[in-house]
Amino acid sequence: MSSVAFVRPFLGDVEIGAQLPSLEVDVTATLVVLGALASRDWRPMHHDHAFAVERQGVRDIFLNTPTQAAWFERFVTDWSGPFGRLGRMTFRMREPVFAGDRMTMRGEVQAVTVDDTGCGWVELALTMSVGDQLCTTCTARVALPRDEHDNPWQRRADRWQP
Amino acid sequence: MSNPDQDDLPAAVVALIGKGQYEEASEFPVERGYVWTSCASVGNGNPLYWSDEIADEVTGGFVAPPTTISLWLKPHFWSPGFTGERLALPAHHDLKEMFGLPEAIITENSVVFHELVRPGDVISSRQVLRSVSAVKTTRLGTGRFWTIDVEYENQRGECCAVESYTAFAYHRGSE
Chain A
432 MSSVAFVRPF LGDVEIGAQL PSLEVDVTAT LVVLGALASR DWRPMHHDHA FAVERQGVRD
492 IFLNTPTQAA WFERFVTDWS GPFGRLGRMT FRMREPVFAG DRMTMRGEVQ AVTVDDTGCG
552 WVELALTMSV GDQLCTTCTA RVALPRDEHD NPWQRRADRW QP
Chain B
229 MSNPDQDDLP AAVVALIGKG QYEEASEFPV ERGYVWTSCA SVGNGNPLYW SDEIADEVTG
289 GFVAPPTTIS LWLKPHFWSP GFTGERLALP AHHDLKEMFG LPEAIITENS VVFHELVRPG
349 DVISSRQVLR SVSAVKTTRL GTGRFWTIDV EYENQRGECC AVESYTAFAY HRGSE
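Quick mapping for you: the protein sequence lines, in order, are chains A and B.
Per the working numbering, the very first residue in the first sequence carries number 432; after that it's consecutive.
Per the working numbering, the very first residue in the second sequence carries number 229; after that it's consecutive.
Misleading hints may appear alongside valid ones.
Here are the simulated EDC-like pairs of lysine to aspartate or glutamate, each with C-alpha atoms no more than 20 Å apart in a straight line [said to hold, decoys possible]: (1) Lys-364/B / Asp-236/B; (2) Lys-324/B / Asp-444/A; (3) Lys-302/B / Glu-313/B; (4) Lys-324/B / Glu-313/B; (5) Lys-302/B / Glu-336/B; (6) Lys-302/B / Glu-285/B; (7) Lys-364/B / Asp-479/A; (8) Lys-324/B / Glu-386/B; (9) Lys-302/B / Glu-526/A.
Think of the hints as simulated: they come from the structure by calculation, not from any bench.
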């Protein structure tokens, strides 16, 4: 047994309609730029305020796509713990999340299933909002262990069907 | 033609639909430094990425977070022998050029994760244009939507992920 503490929900612990703990983040210019550079995205709308405003016609630099993906992954695995394995994620960006925004992430369990291989899945509906403005919607499919002997990370090839 | 959205497309664009382009390998192998930078950028404290003990127990050794998959194929901003800006997702920038649409945003991103990615892996990818819309007008301007898949595999030819980007490229306002 590991000496590092972590959460480890099992599939049977999860109920449809359950809410994930919300997450609030002050999106600073530093976070926007750090996310862009961490994802090796050199495009100026993610680090150059003047370019974003004058060329792109938006009000500030904004989170890039891979950084939004990384925020959703962090949000999901904060809840699932390390045994949760992300299988699929789809998100639609309706409005940018700008430097200076206070971002709120929320999530709800939409479905709990077991596939033909015996893998347990949770379908999540996730959102990224600023105030009353819904910025990004996301659906995520994450595998959770069914019991203490199950580990989704050990699944390979035909036994992993995300 | 069965797809009405394709009726006004140049033949050169139609020819690209479904065709693999820009098959390339990462310029450097998967490594922990970028994993930690990525986790730090979003405050991701998942012990899988910070504790060798947990990684050994859960994933049989260190793995990269699934959503880092695209970063391994992003070109350096500059490297010897190249001039000008090196762009990621070149199939997207080709379409902007072909249609003369100077601005673009990514509107939707979908990714399916398969085999685990570990330090030392060399990831390769190819880009496949899936669809291009007819001309549309949104509040950003007038242009087209298109969808490009990026397929990632490791050095053993195992599929690690398939990512799908939908973009809107446009002329601003009354331009």
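So, going through the hints one by one against the coordinates:
1. Lys-364/B / Asp-236/B: With a Cα-Cα distance of about 12 Å, the restraint between Lys-364/B and Asp-236/B holds, given a limit of 20 Å.
2. Lys-324/B / Asp-444/A: Measuring from Cα to Cα gives roughly 48 Å; hence the hint is violated.
3. Lys-302/B / Glu-313/B: Roughly 12 Å separates the two Cα atoms, so the pair holds.
4. Lys-324/B / Glu-313/B: 15 Å, holds
5. Lys-302/B / Glu-336/B: 19 Å, holds
6. Lys-302/B / Glu-285/B: Given that 20 Å is the threshold and the Cα spacing comes to 31 Å, the pair is violated.
7. Lys-364/B / Asp-479/A: The given pair, whose Cα atoms are some 28 Å apart, is violated under the 20 Å limit.
8. Lys-324/B / Glu-386/B: 31 Å, violated
9. Lys-302/B / Glu-526/A: Cα-Cα ~25 Å, so violated.
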